[in-house]
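Residue numbers (the working numbering), protein chains in the order written: chain P, 1062 to 1475; chain G, -16 to 280; chain D, 129 to 499; chain Z, 136 to 414.
In silico DMTMM-like cross-links for lysine to aspartate or glutamate, where the CA-CA straight-line distance does not exceed 25 angstroms:
{"id": "1", "chain 1": "Z", "residue 1": "LYS275", "chain 2": "P", "residue 2": "GLU1101"}
{"id": "2", "chain 1": "P", "residue 1": "LYS1343", "chain 2": "Z", "residue 2": "GLU177"}
{"id": "3", "chain 1": "P", "residue 1": "LYS1235", "chain 2": "Z", "residue 2": "GLU177"}
{"id": "4", "chain 1": "G", "residue 1": "LYS(-7)", "chain 2": "D", "residue 2": "GLU202"}
{"id": "5", "chain 1": "P", "residue 1": "LYS1237", "chain 2": "G", "residue 2": "ASP114"}
{"id": "6", "chain 1": "P", "residue 1": "LYS1214", "chain 2": "G", "residue 2": "ASP114"}
{"id": "7", "chain 1": "D", "residue 1": "LYS235", "chain 2": "G", "residue 2": "GLU(-8)"}
{"id": "8", "chain 1": "P", "residue 1": "LYS1339", "chain 2": "Z", "residue 2": "GLU177"}
{"id": "9", "chain 1": "G", "residue 1": "LYS(-10)", "chain 2": "Z", "residue 2": "ASP300"}
{"id": "10", "chain 1": "Z", "residue 1": "LYS275", "chain 2": "P", "residue 2": "GLU1128"}
{"id": "11", "chain 1": "Z", "residue 1": "LYS401", "chain 2": "D", "residue 2": "GLU264"}
{"id": "12", "chain 1": "Z", "residue 1": "LYS275", "chain 2": "P", "residue 2": "GLU1123"}
{"id": "13", "chain 1": "G", "residue 1": "LYS(-7)", "chain 2": "D", "residue 2": "GLU185"}
{"id": "14", "chain 1": "G", "residue 1": "LYS(-10)", "chain 2": "D", "residue 2": "ASP197"}
Listed next, the stretches of chain Z that the computed footprint assigns to chain P, with coverage defined by at least 3 CB atoms under 8 angstroms from CB atoms of chain P:
{"id": "15", "segment": "265 to 274"}
{"id": "16", "segment": "348 to 356"}
In short, the hints are calculated from the structure, not lab data. Source: prediction; values computed, not measured. Where is the CB? At the ideal position from N, CA and C, for every residue including glycine.
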Amino acid sequence: MKAINKLILGSAIATLAMSSTALADTTLNALFMSQAAYSEDDIKSMTAQFEAANPGVKVSLEFVPYEALHDKIVAAAGAGEDGYDVVLYDVIWPAEFATRGFLMDVTDRIPADYTDKIFDGAWTTVEYGGKRYGMPWILDTKYLFYNTEILDKAGISAPPKTWGELAEQARQIKAKGVLEYPLVWSWSQSEAMICDFTTLTAANNGAFFEEGQPAFRQGGARDAVSFMKATLDEGLTNPASREYFEEDVRRVFSNGEAAFALNWTYMNALANDPAESKVAGKVKVAPAPGVDGKSTASSVNGSMGLGIPSNSPHADEAWAYIAFLTQKDIQDNYAKLSLPIWKASYSEPKVMEGQEDLIAAAKESISVMYPRPLVPSYTEVSDILQKNIHEVLLDQTGVDEALEAAAARVKRIR
Amino acid sequence: MFGRRRKQEKWILLAPAILVLALITLIPLANTFWLSFTDTRISAIPSPVRFIGLENYIYALTDPEFREALYRTLYFTIVSVGLEGILGVAVAVLLNQKFRGHLILRALIILPWAVPTIVNAVAWRLIYHPDYGALNSLLFQLGLISDYRSWIGDPATAMNMVILADVWKNFPLVAYVALAALQTVPADLNKAAAIEGAGPWKRFWSITLPWIMGPLMVVMVLRTIEAFRVFDIIYVMTGGGPADSTKTASFYVYQEYFNYLRSGSGASYAVLVAGISAVLILFYYSSAKRQATGATA
Amino acid sequence: MPENQILSVESLQKTYGDVHVLKDINVAMEPGEFLVLVGPSGCGKSTLLSCISGLTEVSSGTIRIAGRDCTHMEPANRDIAMVFQSYALFPNMSVERNIGFGLEVRKVAEAEKKAKVSEVADLLKIEHLLQRRPAELSGGQRQRVAMGRALVRDPKLFLFDEPLSNLDAKLRVTMRTEIKRIHQATGASIVYVTHDQIEAMTLATRIVVMKDGVVQQIGTPHEIYNKPVNAFVADFMGAPSMNLMKGKATPEEGHIRLEIPTPQGRSVSLIDRKTPSQSFRNGPQDVLIGLRPEAMTDQKLSNGSALQSAECLLEVVEPAGADTYAVIHLGETEAIARLSADAPVQAGEMSSITFDLSKVSYFDISSGNRL
Amino acid sequence: MRRTMLQSVFLYSCVVALALFTIAPLLWLVTMSISAPTDLTEVPLRWIPSEFDFSRYGALLNIDGGSGERFLSALRNSILTAGGATVIALMLAIPAAYSFSRRGASMVLLFAFLATIMMPPITYILPLYSTFSAFGMLNKTTTLIIVYTAMLLPFATWLMKANIDVLPVEVEQAAFMEGASTSYTIRTVVLPLALPAIAATAMLSFLVAWDEFFYALIFTNDLSAKTLPVAIADFSAGRVTDYGVIASVGVMATLPPAILAICFQKFIVSGLVAGSVKG
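With the rest of the complex left out, here is chain P (with noise of 0.2 angstroms):
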């Protein structure tokens, strides 16, 4: 077994042209998600890298949207040997399908000197029960992204360093009339808000649970609702941002609507492409900002990993396409759109070239990734904390009356 893994691994770290016969004839079932990071020509291209490499393995890619993923893996986890052989998953996924057994435990497979590697915040993304349930790949938080041109009309020199500074700063811009609206959020009832909300309850260092009771309804996190929904009064924030995923925020942000936007990695390549952005050359990227005496940048754990669903029959084959697709050489070369997960990489020109802010941000931002709460049921916690943060930014429910009412519910899950 040592031996097989010690090939495996070697081929994938040999990257091209080393044929391995120690992989049968087979074709791997993978699950990626069309939205955000690599797209899907990347993951493509990555793909045939990886069959040139090794001639008896075919992957069959499916690409769903980010909403079916969960879908179609709790699906397949009934499929028996029909099932997917590898799926990428989103980070507040492992607690609960560790505890179905629905991914293998691949803790063995990963080799000691991985886990100084790679960062920590990638680590969590994987791990469940001090196991780890495959392989880091996406890297990704939400940095905050300006309009240097907008900051230069509103005569401001240096991007905020706290959210308070952002606040007193989109109040000047709406102020001098730069824009009716200069923060655009993805505060659509859906995880993109968590997201948010959970950046700015890092950086007001509040705290979802305590010792398995639900601790959001004070502290942080209650600063957090609280200052989102502060921004909608004051009219710094655009109202629509209340049905805004992430691509309406990359949207409106690269049609110069907005001076401030928090998103994904994948918008600073996008942002900055003419093609697709009419504020190419004009979009800074800086970690989330702080708050005064609590943090000095906030950010959300949005990594994803790749894992190997426990029904899987290909298991060191699919292990193997993990292997290749999250080594660093690979990941190096198609940085543009999502970070490496490896420390080294931040250092290498290649990575760094064209986006020396954006390292800049994540080398900073990777180091205070704050994860979203790390139970099982975190999907109905998060619903209901969707639906209650939503009715406070709609203005039908105080922020106390909604934080408690979502207490009750956590406490009635099942």
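Dock chains G, D and Z against chain P, hints included.
Positioned in the frame of chain P, the structure of chains G, D and Z alone reads:
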């Protein structure tokens, strides 16, 4: 004995349909019913199934949010099927008149029905878009609104906007059925009523409507079944938001199965949805029967 | 059971739940007979036909066709053909295919089928219609096609279910004659259902009168008309129907004295010069006196024996072309007298009416049975 | 009857309002599909495109292009799936409907049929997924055809039953008297008479199958089986800056059923109504 042969024939004719339904839906249906009394969860790790009686149902029905979702579903069903009915009949009455281009209009009317639900949902989502939506632009240019506003992002309007999209797609079917039924109303009946001194409204209510009620009911039953389990259009247009204002009962079924992986509990939600739907249909059916006998009497 | 009977229905019962539709029906029929089942609607005549055809299953009893027990046989195997009230033509098929359908099902060779179809078409005078669809035909033409479909297979027994009731009055008479002609030409055995007693009288060789699921009388048209077994048959057969007047019959030596009350207080008094039958031996009794309208005339032919006259008040006078009908209130009923067309009578006047007592029938006043 | 001036004005305003309500959204969808991307993000909107851009249709119809391949294979799968399911569902529904209508099969059973479509479809997905995977039948057009057949059957049976109910029973009796078997009678007598009903039922079934999204989303994985609704969801879920692309896919996905609907217009009407007289 040919009576026995007839009986055999009855089952032979039914057999293929029953076989397909049994394999694809009836057996899963029965299984779902059983699951709804257990605490089964979706898991790759085998665990014993526990019979828990009505616990799932009690959990569901004591949940004020699920009850709200049921009311919401009922609201969606009644308003959208109701509007489809009213609009459909009105359009049928209009199309039944002679005017220039009535044949062209008749052909055009069926088009929304041909638009796939997903396309319909996506198209209306674009029309309602808060920034670039055609609805905002149109109302703004007509001077009816002074600022672009949120349509499906505002809990006050979201459900009604989804209903509008649903009505737009589905009223043609109702209109077509009503139109066809209208054409079977004997002219003598209206003439007789007119001679008796009944005005157009009176004639419509007491003659035309009862006459077309039978056919109308069939299409309303179909629409009610579809509306009560509405999912796709909402899944695509609003995902249940904003603030749960479009989250229908089917969403709870979906969540329990696919998000929370509680198949036992999800089954009970599903049985509740199907049960209420069945009650609605039976209610319809019996009133349709009454209407039909009333019309012929 | 004579072997040569074409149809025999024995102790037939049919119930739908609690409803007893046919009660102990016994009917037999010789080859070549034209048997008409007649009765008011709901009497069970169509159900009986349906049982014979096999479209309805019987509750108990036996049906034999040409000596074969067919009680539980499929309609197709009974060697019968049926003409439906609605014609039941196949709308999607040409007339030719409609007629040949039975042969098509039996896989008869194309040439033979064509020959038979054209033979039947010839008989029915519909050769020029063979390529048309039923929708393009008139009612009478459809009727012919329906008969053609029955005739072509040359079955043992033909069943006609009110075949003329969808035609207008004039065409009905023409088709009636046509059916009679075909019967005479082919010698087919026919069971024919109708609610129209004239059709029954004109077509039948024998008539079965039914009421409430019970056979009332089976007999030739002559028997049924002249010797109805009960007041129902008397009333039902014939138009206008037989006058059934309440009166008192007193048996006397060699004759019966009849007293029929009038509203004017007098009685019309008549003598039936027949020896009173056994039914009258108990002395004077109230009876229903049945006289057909044609037995009450204005002819001055009083011969003192069978023909006797009496002065009656004509309440209403209805000229009907060939005859004039007069309504006379007699024996608590409105009796109708059939006068000659040019009878010089006027409503409200008294007139002398001649009663033909050779045609008189008596019925029990409570049971309605013939005395 | 002559209309007064006022009545005419009222009538024609209703006609115009109805035409606008029905056609405007469609027209806008078409306009979006041929507008330049920048036209679609103008505020307020540019209603008439600055230039007519048919390139998106070109791309969708080009089998060698990425989106063309995706669209065309989805179109093919949708036609096969919806068409196949409709044909099979009718083949099963007609005898069943005949049995309900003419052989006294219990209405309770028919209601049981209908009950299966009252259940939220989500309920069936997981058990069916494991069943089909056990037979290695995932990601196959055949599988979707089977599932859709079951989904269409109850309503198709009901509609056909209602239609057969009102056919003149004597015509069938005549066929039996002539010696035809039940299957021969159904084929040569009942089917031709029920043609409008069959066309209406087929059309209705086809549209329902063409529309179906969730089963297809979960059961299909790639170009070989994905249907149009899934493809549309993919198109609109990925990184789309150009709404025109979504609009053009939408227009293309609407065309086949729209053409069918207009062609079968007459049948749809008579078929739906004949059957509904008895309910």
